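K.L.:
Construct the complete structure from the given sequences, taking the supplied hints into account.
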Amino acid sequence: MIGFDKAGKRFGTLDAVKEFSMTIHDKEILGLLGPNGAGKTTLMLMMGTVYRPTSGKISVNGLDVVHHPNDVRKMIGIAFQDPRVDGILGAFDVLNWHLKMTTNLDKVEREDRVEKVLRAVDLWDARNKRTWLMSGGMRKKVEDCKVLAQRPKIAVFDEPTAFLDVPSRLLMWKMIRELRDEGSTVIVATNMMDEAERLSDRVAIVNLGKLVAIDTPEQLKGKTKGGEVLELTVGNGQEFPRECLTQFSEVQDVNQENNKVTVYLSGGRLLLPKIVETLTNRGVKIDSVHLKEVTLEDVFLNYTGHRLE
Amino acid sequence: MSSSTTQVTDSSELSGQSTSRLVLQMARRDIATLFRTPWIIISRSLAFIIQLFVFAYLISGLVVKFPGFFPYYAVGSVVSVVASISFIIGYDIFEEAEEGLLDYLLTLPIPRREFIIGRALGGAIRAMIYTIPMFAIVAVLENFSNPLSLLAAVLDLFLLAFGVTGLSITVAVSVRSANRFDVVLALLELAVSRASTALYPLAFMPSYVAALAPFSPVTFAADSTRAALSGSSLDILGLAGLLAFVAIFLGLGATFYFRRLEGGVYA
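Sequences listed follow chains G and S, in order. Last residue of the first sequence? That's 309 in my numbering, and every number before it is there in order. Last residue of the second sequence? That's 1267 in my numbering, and every number before it is there in order.
The set of hints was computed from the structure by calculation and includes no laboratory data. Check the hints yourself; a few may be wrong.
Part of the chain G face toward chain S, derived, beta carbon under 8 Å [to be verified]:
hint	residue
1	Val50
2	Lys74
3	Ile78
4	Phe80
5	Arg84
6	Ile88
7	Trp97
8	Lys100
9	Met101
10	Thr102
11	Ala126
12	Lys129
13	Met193
14	Ile214
Note that the structure is a prediction, hence the values are computed from the model and not measured. We put the beta carbon where it would ideally sit given N, CA and C, even for glycine.
P.N.:
Laid out in structure tokens, this is it:
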């Protein structure tokens, strides 16, 4: 189990992470969902003992990361957002050296594991190609493969499918799920809604260095006001008469970002004609209307007040 | 990769991982990068040969006040090259910090102090591997054949390399601006190599250089190496100076490393 207890990290005058409290259960996939700069990477690097927290406490399987950094590091493997690989080495050498540093496998076992993981992600034929000559997607695969081959107790993936094509994304998700099924606790930082929703057992929404909400994707969606979302695009530069909509008892909340208006409501099908009529009567030009079930994106918008771009 | 073929790595499984093995792995990583670029060794060796057989030959003919300048210069050149190559590890570490590769290395299960020792050791061995062909040329040329003398000289060179890598790492983790880092390291390299007895004797130096030269680690190494190769008694002072140099800068490198990098300076 991993515990963050009011953890904070300050860089100069900037609070990258503030009063962050959260528990990650064993053998779950936790999705850390948040925009760039939300503090996801800082959280993971504090947990991985690269940065020391400036306040609060972080423990990994009962061990404090500040007082027992070496023991904590033995349990963790981190795949970074931007591949951190020696450009002069080939994929095989990168992974082989990583396993030499992080496992006690003998040469045969190590090379066998490297071969299996490289074959699985279709990089075996390019195993000796220097990584700085590889495409962004190939380099990203090599980065993810470090942790997939290491198979640590706690596996951390930062944007694991960035730069990957669709088949490779699906494959990576499958391999991450297998890692969880074999007993690893997996943390996936992402700013992709579908990745967080489809891969995670639970999702933690992080914004401005703070934990905003944490639950299963279904629970998060269920908790969102109304259960339905009406998306309106209105004329540019128009002031939106919010009170026109909040007068309806079915409308739970209204959120506006530029010309995009998001209405959280229940009974949307019956209410939609009334809403359109009311707004039209108030002179609001409606360019488009879209009624849908709540998605994780709506949850994020609802909690943070802005979209995850 | 399926559950039937792999196991999750347990922390207890890793507890048997000896620290010395990890230090050696860190060192091997730095050495491996050298062998990936063998043309650098070849080109620098050729440059050294040209320097020796053109420049040193020419100058030794011109220097009349100091007979035997050629062997003096030849040994000193090897010492200078060791110092110069050992400085490279600092550039590597600075670049790794800028590129984020250092963050990755810091997640590996190796204690920080051993990490620094591994990096310094790797840098030092790399400098030795790089210099051995040049040292061999000088040894053949000057007919240095006593194995004990050669061994003592190699030890001197290695201690110098180990200390300079510590110094270089200290600078790399202390200076944050890339431009300032380049300038500081270049000046430092110039100071320890040029204000030393590696390439010219103390008696011929201008007074302001002669005042500094006795304290340069390159002087310790150059004097000690020449003493070893000439078969005279062991240069205890030079060796002690080199050992102190190694201890001070490895310690400083590790201390700065803890304070600066783990505070998230490069974030």
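K.L.:
Each hint needs a verdict: does it hold in this structure or not?
P.N.:
Right, here's what the structure says about each hint:
Nearest Cβ of chain S to the Cβ of Val50/G: about 5 Å, under the 8 Å cut. The hint holds. Here the hint on Lys74/G is kept, as its CB sits about 4 Å from the closest CB of chain S, short of 8 Å. For Ile78/G, the shortest C-beta to C-beta distance to chain S is roughly 5 Å, which falls under 8 Å, so the interface hint holds. Because the smallest distance between the Cβ of Phe80/G and any Cβ of chain S comes to about 6 Å, under 8 Å, the interface hint for this residue holds.
Given hint, Arg84/G at the interface with chain S, holds; its Cβ is 4 Å from that chain's nearest Cβ, closer than 8 Å. Here the hint on Ile88/G is kept, as its CB sits about 5 Å from the closest CB of chain S, short of 8 Å. A distance limit of 8 Å between C-beta atoms decides the matter here; for Trp97/G the minimum to chain S is near 6 Å, and the interface restraint holds. Because the beta carbon of Lys100/G sits about 5 Å from the nearest beta carbon in chain S, less than 8 Å, this interface hint is met.
Hint status for Met101/G: holds, given a least beta-carbon distance of 5 Å to chain S, under 8 Å. Below 8 Å, beta-carbon pairs count as interface contacts, and Thr102/G has one with chain S at about 6 Å; its hint therefore holds. Look at Ala126/G: its Cβ only gets to about 17 Å from chain S, farther than 8 Å, so that hint breaks. Because the beta carbon of Lys129/G sits about 13 Å from the nearest beta carbon in chain S, more than 8 Å, this interface hint is broken.
Annotation: interface hint on Met193/G violated; nearest CB of chain S at approximately 26 Å, more than 8 Å. Because the beta carbon of Ile214/G sits about 24 Å from the nearest beta carbon in chain S, more than 8 Å, this interface hint is broken.
In this structure, the earlier hints numbered 11, 12, 13 and 14 are contradicted, and the remaining ones agree with it.
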